[in-house]
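J.: What follows is each chain in one-letter form.
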Amino acid sequence: MRVLLIEDDPLIGDGLKVGLEKSGFTVDWFANGADGEEALFQAPYAAVILDLGLPEVDGLSILQHWRGQGRVEPVLILTARGDVDERIKGLNLGADDYLPKPFALGEVQARLNALIRRNNGVSAAVISYKNIIFNPQTRKTLLDGQEAALSPKETALLELLLLNKNRVLSKETIESKIYSWDDEVASNAVEVHVHHLRRKLGKNIIKTINKIGYILEDA
Amino acid sequence: MKKLSLRSRLIIFFTLIACAVWAAAGVFSWLETKEKTDEFFDTYQMALARQLAATDWNGVTKEHQKKTDRLIDKIRNADDDDEAIGFAVFDADGRMVFHDDENGKDFSFQNRSGSFVNQIVDDEEWRVVWLKSADGKFLIAVGQELEYREDMAWDMLEEFCAPWGAGLLILLLATILIISRELAPLNKLAEDIKNRRSGDLSPLPADNIPSEILPLISAMNQLLAQIENMLERERSFIADSAHELRTPLTALKIQLEVAQMSADDEKTRNQALQKLQLGIERSSRLVEQLLALSKVESSLSAPQINQEEIDWRQTVIAMIDEYRHEAAGKNIAVSYKIEGCGPIRNGNPVLCSLVVRNLLDNAIKYSPEGAAIDIRIQDEALVVTNSGVTVESRHLDKLGQRFYRPAGQNEKGSGLGLSIVRCIAEYYQCRLRFANTDTGFEVLMQSNDL
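Order-wise, the sequence lines are chains A and B.
Counting from 23, one number per residue, gives the positions in the first sequence under the working numbering.
Counting from 26, one number per residue, gives the positions in the second sequence under the working numbering.
If you are wondering where the hints come from, they were derived from the structure by calculation, not from laboratory data.
Treat each hint with caution, since some may be false.
From the structure, some residues in chain A lie toward chain B, with a derived Cβ separation under 10 angstroms [claimed, not checked]:
| no. | residue |
| --- | --- |
| 1 | D31 |
| 2 | I34 |
| 3 | G35 |
| 4 | L38 |
| 5 | V40 |
| 6 | K44 |
| 7 | P122 |
| 8 | P124 |
| 9 | F125 |
| 10 | L127 |
| 11 | V130 |
The model shown is predicted, which means the values in this text are computed figures rather than measured ones.
Virtual Cβ for every residue (Gly too), placed ideally from N, Cα, C.
Model the full structure from these sequences, guided by the hints.
T.: This is how it looks when you write it as structure tokens:
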């Protein structure tokens, strides 16, 4: 899942980016509020992590601008002040969840998963499809109860398809959703991942719609 | 006396003074009355003696005495008032010829004339006047008991002093009442202060307070306001510090987690550990600066801080020497010029070197490689300039605010260095000005006196 991270602190930003990418997210990190604000309009993000304590642009005003522009991406705000008012203000301005500093990486990850799940109309903690059970938190995929050995990008692709069941996803959409600006993407990367997933989970699991894209269909 | 209330003291002093004045007046009146009664009775005795002296005592016999005695008895029954006057007549040989049948018969003979003598009669002290009769053959003695005179004087004094005593009593009661009433607002004030909760620093009410006490109240209110101000600063300092510590703590936590989850990825793990170390350094520096700022603030609010003449040359040289390695590391040349006596003439040397240290530290930290830093000590001013870097004008005003760091800083600054300088500058009534110059950035600390 591609996530937008706006955090000015270099150590926290770097840690979140590396840590979240380790657990299967694709992260675009902006230390500058203005750039981050603009970035949301440039790529499809599954969720946003927004630090409110940005030095130049106030995090809350970025949020307000997004919501005013009709952006509905789930936003997780990070606040350093234990101030209840600020949290209430953030939630009222359209934030979906908040985390007060100091927080743990695992917590960010869990909240992001919950936000993305909810945003895709899924409320169960695990996503089931046919004989596959996927757990977004542990990033583990079970095939007939056995753990399938998937790479992080394969997992991300599977998650994306599971969350968009019965919807056709184009190659470009998939690319933009599982790769960040920093990633170098080979032109056949998506095809390769689909191929691997089919090999590992079963030939018929992902259907190719010619010239349009890929779909996970209910049987 | 030291623990008595003002009210009790006023009442005690006033009572003592009133009683002393009353007693002094009493003693004076007593002496006066006594003198006057003495004079009066002396005159009276002398007049009687003169009358008796004019009488012809030749041929006075026992018969006469008896006759007179009876007569006197009659008079005595008619009038009980005993003036304790007695008289006797002696012949030249000291034999008593005649007496008044009372105290007079106990008079002992004294051979003198025309003078008053105090003598013992019947165990009592009497005042007796001796006078020769007109023909010179007899001595007349007219005496009065001294105790009678004293009683008389005492009676008069009593008559005189009683209304004064009553007046004194009324005066004292009125005084106690007035003092109690006038001091009631003070008592109420004391009670109010006593019953205050420790956190209540609202000003004391000044209504109904006598104008003499008002300066005290306003001074106390000023003090309360100062304390409140200080507490507010302290509170916001603690809140800001806690807030500032949260960010590096979060960074540490996250980098640690990244390192933990990268057991199989040595590169990522090493990077995370490196960042962890960076984060720890940043946190320690922040804590150090916080401690320094809190020390500066508390030492500035201490009633007395060590003040001496500041040797700016020595201070600047010492600091440049201390930062020699940092400067050399970035190939920065640090120069200085001493052209005057500096912004603070008499001050605390530790605080003044903190000013130079923080300004130099900032200049080196935020200057690019190969920049030049110049420290100038002028009359009433200290100027630190560094080349090669400017600060956006919208940040200039906010520099020196606690924890303020312009965006895009990769340096591990705490945002406290300039607040420490500002804090010290304010204490020594100096202005702190930040400005961009043609070649770089300049910090000016200037004495307000100028």
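J.: Now look at each hint and say whether the structure bears it out.
T.: Okay, the hints, checked on the actual structure:
Taken as an interface hint, A/D31 checks out: its beta carbon lies about 6 angstroms from the nearest beta carbon of chain B, inside 10 angstroms. For the restraint placing A/I34 at the interface with chain B, the shortest Cβ-Cβ distance is roughly 5 angstroms, inside the 10 angstroms limit, so the hint holds. Given hint, A/G35 at the interface with chain B, holds; its Cβ is 9 angstroms from that chain's nearest Cβ, closer than 10 angstroms. Interface hint at A/L38: satisfied, since its Cβ lies 6 angstroms from the closest Cβ of chain B, which is below the 10 angstroms cut-off.
At its closest, the beta carbon of A/V40 sits 5 angstroms from a beta carbon of chain B; the interface hint therefore holds under the 10 angstroms criterion. Interface restraint check: A/K44 against chain B, minimum CB-CB distance 5 angstroms, threshold 10 angstroms, status holds. A cut of 10 angstroms between beta carbons decides the hint on A/P122: the least distance to chain B is about 8 angstroms, and the hint holds. Hint status for A/P124 relative to chain B: holds, with the closest Cβ pair at about 4 angstroms, below 10 angstroms.
With 10 angstroms as the threshold, the beta carbon of A/F125 comes within range of chain B, its nearest partner Cβ sitting at about 6 angstroms, so the hint holds. Because the smallest distance between the Cβ of A/L127 and any Cβ of chain B comes to about 4 angstroms, under 10 angstroms, the interface hint for this residue holds. Annotation: A/V130 was flagged as interfacial toward chain B, and the flag holds, the nearest CB pair being 8 angstroms apart, inside 10 angstroms.
Hint check: no violations occur; every hint is consistent with the structure.
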